[in-house]
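Q: Here's the letter readout for the chains.
Protein chains: 2
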Amino acid sequence: MSMSTTHAPSPVSARPRIVIVGCGFGGLEAARALADADVDITVVDRTNHHLFQPLLYQVATAGLASPAISAPIRRLFREQRNVTSLLGEVVDIDTQGQAVLLQTGESLPYDHLVVAAGATHSYFGRDEWAAHAPGIKTLADATEVRRRILMAYEEAERIHDPVQREALLTFVVIGGGPTGVEMAGTLAEISRRTLPGEFRHFEPSHAHVLLLEGGSRVLQAMPPELSRRAEEQLKALGVDVRTGAKVTHIDEQGLEVETASPAEGAAAAGEAGARYTIRSKTVIWAAGVAASPLGRILQRHTGCETDRAGRVTVEADLSLPGHPEVWVIGDLAAARSHHGNELPKPVPGVSPAAKQMGRHAAANLRRRLQGQATLPFHYRDYGNLATIGRNSAVVDLTSPVGPIRFSGWTAWLFWLVAHIYFLIGFRNRLMVLFDWASAYWSSQRYARIIANNEPHRSRAARAPDQPPAAPPPGEA
Amino acid sequence: MSMSTTHAPSPVSARPRIVIVGCGFGGLEAARALADADVDITVVDRTNHHLFQPLLYQVATAGLASPAISAPIRRLFREQRNVTSLLGEVVDIDTQGQAVLLQTGESLPYDHLVVAAGATHSYFGRDEWAAHAPGIKTLADATEVRRRILMAYEEAERIHDPVQREALLTFVVIGGGPTGVEMAGTLAEISRRTLPGEFRHFEPSHAHVLLLEGGSRVLQAMPPELSRRAEEQLKALGVDVRTGAKVTHIDEQGLEVETASPAEGAAAAGEAGARYTIRSKTVIWAAGVAASPLGRILQRHTGCETDRAGRVTVEADLSLPGHPEVWVIGDLAAARSHHGNELPKPVPGVSPAAKQMGRHAAANLRRRLQGQATLPFHYRDYGNLATIGRNSAVVDLTSPVGPIRFSGWTAWLFWLVAHIYFLIGFRNRLMVLFDWASAYWSSQRYARIIANNEPHRSRAARAPDQPPAAPPPGEA
Numbered sequence: 001m002s003m004s005t006t007h008a009p010s011p012v013s014a015r016p017r018i019v020i021v022g023c024g025f026g027g028l029e030a031a032r033a034l035a036d037a038d039v040d041i042t043v044v045d046r047t048n049h050h051l052f053q054p055l056l057y058q059v060a061t062a063g064l065a066s067p068a069i070s071a072p073i074r075r076l077f078r079e080q081r082n083v084t085s086l087l088g089e090v091v092d093i094d095t096q097g098q099a100v101l102l103q104t105g106e107s108l109p110y111d112h113l114v115v116a117a118g119a120t121h122s123y124f125g126r127d128e129w130a131a132h133a134p135g136i137k138t139l140a141d142a143t144e145v146r147r148r149i150l151m152a153y154e155e156a157e158r159i160h161d162p163v164q165r166e167a168l169l170t171f172v173v174i175g176g177g178p179t180g181v182e183m184a185g186t187l188a189e190i191s192r193r194t195l196p197g198e199f200r201h202f203e204p205s206h207a208h209v210l211l212l213e214g215g216s217r218v219l220q221a222m223p224p225e226l227s228r229r230a231e232e233q234l235k236a237l238g239v240d241v242r243t244g245a246k247v248t249h250i251d252e253q254g255l256e257v258e259t260a261s262p263a264e265g266a267a268a269a270g271e272a273g274a275r276y277t278i279r280s281k282t283v284i285w286a287a288g289v290a291a292s293p294l295g296r297i298l299q300r301h302t303g304c305e306t307d308r309a310g311r312v313t314v315e316a317d318l319s320l321p322g323h324p325e326v327w328v329i330g331d332l333a334a335a336r337s338h339h340g341n342e343l344p345k346p347v348p349g350v351s352p353a354a355k356q357m358g359r360h361a362a363a364n365l366r367r368r369l370q371g372q373a374t375l376p377f378h379y380r381d382y383g384n385l386a387t388i389g390r391n392s393a394v395v396d397l398t399s400p401v402g403p404i405r406f407s408g409w410t411a412w413l414f415w416l417v418a419h420i421y422f423l424i425g426f427r428n429r430l431m432v433l434f435d436w437a438s439a440y441w442s443s444q445r446y447a448r449i450i451a452n453n454e455p456h457r458s459r460a461a462r463a464p465d466q467p468p469a470a471p472p473p474g475e476a
Numbered sequence: 477m478s479m480s481t482t483h484a485p486s487p488v489s490a491r492p493r494i495v496i497v498g499c500g501f502g503g504l505e506a507a508r509a510l511a512d513a514d515v516d517i518t519v520v521d522r523t524n525h526h527l528f529q530p531l532l533y534q535v536a537t538a539g540l541a542s543p544a545i546s547a548p549i550r551r552l553f554r555e556q557r558n559v560t561s562l563l564g565e566v567v568d569i570d571t572q573g574q575a576v577l578l579q580t581g582e583s584l585p586y587d588h589l590v591v592a593a594g595a596t597h598s599y600f601g602r603d604e605w606a607a608h609a610p611g612i613k614t615l616a617d618a619t620e621v622r623r624r625i626l627m628a629y630e631e632a633e634r635i636h637d638p639v640q641r642e643a644l645l646t647f648v649v650i651g652g653g654p655t656g657v658e659m660a661g662t663l664a665e666i667s668r669r670t671l672p673g674e675f676r677h678f679e680p681s682h683a684h685v686l687l688l689e690g691g692s693r694v695l696q697a698m699p700p701e702l703s704r705r706a707e708e709q710l711k712a713l714g715v716d717v718r719t720g721a722k723v724t725h726i727d728e729q730g731l732e733v734e735t736a737s738p739a740e741g742a743a744a745a746g747e748a749g750a751r752y753t754i755r756s757k758t759v760i761w762a763a764g765v766a767a768s769p770l771g772r773i774l775q776r777h778t779g780c781e782t783d784r785a786g787r788v789t790v791e792a793d794l795s796l797p798g799h800p801e802v803w804v805i806g807d808l809a810a811a812r813s814h815h816g817n818e819l820p821k822p823v824p825g826v827s828p829a830a831k832q833m834g835r836h837a838a839a840n841l842r843r844r845l846q847g848q849a850t851l852p853f854h855y856r857d858y859g860n861l862a863t864i865g866r867n868s869a870v871v872d873l874t875s876p877v878g879p880i881r882f883s884g885w886t887a888w889l890f891w892l893v894a895h896i897y898f899l900i901g902f903r904n905r906l907m908v909l910f911d912w913a914s915a916y917w918s919s920q921r922y923a924r925i926i927a928n929n930e931p932h933r934s935r936a937a938r939a940p941d942q943p944p945a946a947p948p949p950g951e952a
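So the protein lines, in turn, are chains A and B. Counting from 1, position 155 in the first sequence corresponds to residue 155 in the working numbering; the numbering is continuous, with no gaps. Counting from 1, position 366 in the second sequence corresponds to residue 842 in the working numbering; the numbering is continuous, with no gaps.
Keep in mind the hints are simulated off the structure, nothing from the lab. Owing to the predicted nature of the structure, the values given are computational and were not obtained by experimental measurement. There may be inaccurate statements among the hints.
[To be verified] Some chain A residues close to chain B (C-beta under 7 Å, calculated; not the full set): (1) LEU86; (2) ARG200; (3) PRO204.
Where is the CB? At the ideal position from N, CA and C, for every residue including glycine.
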């Protein structure tokens, strides 16, 4: 193990060096759980902010500004003196030499490693769809989706050809999971509540919002009854929900859909196997998820197993098989929940699970440092909730007396309180509450900026034949 | 005049068609002043938002989120039914055929035209400096500057070479006008108040913030006494203010500065004509301003005069010479203020002047529609103010009893109230107040996101040898 690398936090330190890759829910919790441990922690993330992903769809739909759901990572660790945070992209992990390699060529030696690099969207091998149907996993993704949605309305005001305008006013969300449901519901609200009255050449409330789901119902992690209620609430908002609708092609004109057999998709329109096209200029991908490429990299180096989504199969204690000094947590881990003599159950890819894994891996790491045996991971499932739009959501809570299920306005209020509560940082909580209170009363959306579309003036400033401008007197 | 163009707002309308190019302070006021006129107005802007430029430096220094100083243009005109707003870039003006040409190839015919396209920064013919010293005129500019400032600190934590680290921790602002003074003061605050405690390998408060001004004092539009006070306040914040410092070269390593003769720059360091270099990775341009290229385009078509900064010399009533149907206002106009028998005085390039010109051009336009004579423009100068940092500003007010001048905390409070008051939109005013109250008490800065640096995951998600991810069951 090399001690000459620049990033040994302190060359003379005998304290164990912990490297945590990724500062999402899992990585952040792991680092915090080691706050009073006598270790040197380095947290590496490729962005400078922890992102509250459950509200990312609000940035994509212009309801929240990016800073409202982001907290600077080094601010979060300001008081935790055993943490050094670094902005950097991890490109490889040397599991033999025990070092993490950054894109800049630097390496971070570790005694213990926590890999919490998360997941991204996946196009199931159809990467050419990415250009036409962006997904929403990062702030950059979200502002790009926001730009596309707002630009479609802007162009519809400029373009008077009815066929083109209809394609501009057709918004398609692919995937009926929580993100897809939230996106579709919010898109419908934008067309019906936010924009009416602002255009002179068309009526925004005539926009067509479709939610396509390949399976037989939306929100498949929920009980069927709540899926049905969510579908009803979506339809009440004006969303055209199509289950049993498999996307077979996407390009810049729109997409092609194949109708599933009735057994697969109960509400499928038309006969099974029928294909039809939807002309749309704004297609949003909320369908597939794949683990970070670091999963495959660990597989290559250690021979560990990964599942079809690229997630690493971990030991019961969340360590990497054969590497008790490496922990894999969050969306990158194919983990199982252990409870007494029950059969281990797969852990879902949700933020409460990532946080629990972060705390558990940190606790096991401390046990190992103290020479104690590690404990198997047990996932506490508190339930599931999804919002649909203003005043509508579905909630499915786990309780000792059985499941508690409700929907509508009370579910929406519950969802709101839960999300505000878990949002990182007091400042952001207040901001988001303020934004939502304001949006609720006015139906307005705060962050309607088409930013990426703006030409960078320093390069575009001068006309080709324009002579250089004269300096004002006295300026450099 | 062609009537076949798609954008005649209503083909059968006999109402005069007004086109307003640019929705900054001038264009927005002109359109609003025509609210009850029997005309069809089209407002064209290349962004979808009106920008409150006086606070743009706050976005560049991570104090405010972009939406806090931006209002969607079509939202501002929602109730004004005689306005159609269009997102588009004007590339030419056909003053003979009376039509405005958009980049998309479309043309907007007009009976009356208001050109309010504003200004951008100018590198005085040294456009190669743009890449190394971005200016701040648009939201895109501001987020790019924010990215550079935050990235410099991030890299300083990663890079341990003392020479490189010093260049990363040296921030240079070029130009001692209001924007330069605000930027330098805020940069000093970030290093001294916001960031301390967050880095493990260096002390952020040791960062070096320089303000370079070619002339003999900062804030040259102010009386010398207030310039002196501003300089004192900047120095108290830790800014290294250098007047008589002319920039002769900028590249990715830093810049070269030439010391002016003592007559030019009173506080110049070293002997006159001496050259020295400053190693800096973050150089910000706040020096030169040039009018929109549309000024030169009008000159080419009509033979009108433009000054060295590309501004159009207009008639006393703000119309284009020889074209009583075209009005040029705001930073694009080299206008003069007329008052009784006094000698006409140049109108400064500030937002109150742009707003007054907008209202005046609209009033003259209505007079012309009614066959009345137009009136010469008179600029009401209420004074001048500039902020320097927390609790410090300088104010120079014009009053019937003579100038009122003050600085320090009261001036800062005055500046704050004035800016909040003039900020467009109740929503934004509250937001900004909230952000500032929070920043004031905590010294924290809200919007510390390095967004542009984030890789777009949809393309970068898969490792080269990674097979396509499997679809989760039931998803499209």
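Q: Next step is simple, just say for each hint if it's right about the structure.
A: Okay, the hints, checked on the actual structure:
1. Taking 7 Å as the C-beta contact cut-off toward chain B, the hint placing A/LEU86 at the interface holds, the least distance being around 6 Å.
2. Nearest Cβ of chain B to the Cβ of A/ARG200: about 4 Å, under the 7 Å cut. The hint holds.
3. For A/PRO204, the suggested interface contact is broken, since its CB lies about 10 Å from the closest CB of chain B, more than 7 Å.
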